[in-house]
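**Student:** Going from the sequence shown to the numbering used here is simple: count from 1 and add 25.
Hints were generated in silico from the structure; no laboratory data involved.
It should be emphasised that the depicted structure is a prediction, and the values quoted were computed from it without experimental measurement.
Among the clues, some could well be false.
Cβ-Cβ distance ranges computed for the label pairs, FRET-style [said to hold, decoys possible]:
no.	residue 1	residue 2	range
1	Leu-27	Pro-55	36 to 44 Å
2	Thr-65	Gln-85	17 to 25 Å
3	Thr-86	Thr-65	29 to 37 Å
4	Ser-26	Pro-55	39 to 47 Å
Just so it is clear, CB atoms sit at the ideal spot from N, CA and C, and this is done for glycine as well.
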Amino acid sequence: SLPVHDVYFVNADDTTLLEPSREVVEKFNPELAPLATNMTGHQSFINCDKLKKAVGWEHQTSWRNNLAS
C-alpha cells in the first residue's frame, strides 16, 4: 500500500531538446557531467521511477513525437 504522504515527480521520460541530454549537461553545467555519464539519448532530467514503482504509472507519449521535423 502507498504511504499516507509522499512526494512523486510526474514527467515525460524524454525532453524536447535537440541535443542529447548528456551533451546539454556537459555544455551548460560541466561540473555535473560525472553525474550524467549514464544518460542516454534525450532522457529526462527528472526521474519518475519512484512513481512508476509505487503505482505503475508510465508516461504514454513522447515529447519527441511533437517536435517539428
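**Student:** Would you list, in rising numerical order, the hints stated earlier that this structure does not obey?
**Tutor:** Result: hint 3 breaks, nothing else.
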